[in-house]
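Residues per chain are reported as follows:
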Amino acid sequence: EAGVVQSPRYKIIEKKQPVAFWCNPISGHNTLYWYLQNLGQGPELLIRYENEEAVDDSQLPKDRFSAERLKGVDSTLKIQPAELGDSAVYLCASSLGGQFLGGVNEQFFGPGTRLTVL
Amino acid sequence: QKEVEQNSGPLSVPEGAIASLNCTYSDRGSQSFFWYRQYSGKSPELIMFIYSNGDKEDGRFTAQLNKASQYVSLLIRDSQPSDSATYLCAVNEGGTALIFGKGTTLSVSS
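Here the protein sequences come in this chain order: A and B. Just so you know, this note's numbering puts the end of the first sequence at 687, numbered straight through with nothing missing. Just so you know, this note's numbering puts the end of the second sequence at 800, numbered straight through with nothing missing.
Some hints here could point you the wrong way.
Unchecked claim - Using 20 Å as the maximum straight-line C-alpha spacing, the simulated SDA-like pairs for lysine to any residue come out as follows:
#1 A:584 <-> A:634
#2 B:792 <-> A:624
#3 B:732 <-> A:574
#4 B:692 <-> A:626
#5 A:647 <-> A:589
#6 B:792 <-> A:683
#7 B:692 <-> A:605
#8 A:584 <-> A:629
#9 B:692 <-> A:624
#10 A:631 <-> A:609
#11 B:732 <-> A:656
#12 B:792 <-> A:628
Stated by the list, open to error - Pulled from the structure, derived: some chain A residues nowhere near chain B, Cβ distances all over 10 Å:
#13 613
#14 617
#15 620
#16 630
#17 634
#18 635
#19 684
Quick caveat, the hints were computed from the structure, so don't treat them as lab data. Treat the numbers as computed from the prediction; the structure is a model and nothing was measured. No residue lacks a Cβ here, since even glycine has one placed at the ideal position from N, Cα and C.
Looking at chain A on its own, in the form it has when it is part of the complex (with noise of 0.2 Å):
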């Protein structure tokens, strides 16, 4: 079974200039997660998909960054301008979704998109 896939795996570019990562979750996983890396820290939620509606994105900075998961599948993040601070990995994670009682199901991570803000 494929896992999660991302791309592009790294990206250099200019502060100002746009950028956008791609995310293809695991065939079946209706749940989807954009999450950002900092060296040294945890992942933090950008957004959550439920199929195709968002239905967490308190934490995404909605003056600069915007991402859509049409159809319910794949899904795009993307950050117009980028800033300096923008530089991270940007990871994408799917899960089966929803809860059962005592938990959640467990997510699976891409191998992230290294972002370089120059």
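Place chain B on chain A using the hints.
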């Protein structure tokens, strides 16, 4: 602000020893607790999860949960150099979102 706290380390243990990694969380309503391992430059991979108070064992790994103390730990027995990585504690805060700690770096020397 809901928080997950971990000692950043590094935690250094000799090969064959037991490594003990600790995590505390602030939200008493948390239900699910996960330990992820992250090698340098790689993405997190799930090692174990635990939902009920007590111990859960899987091979060389044991997760321990004490909800009254809001404490979860990971024990690695017979530590190997290949266990050297950053270990992330993650807590389900509600819905399906996870809050991650900053991670503890483990170094196992041969």
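Task: Hints the structure fails to honour - done: 2, 10, 13 and 14
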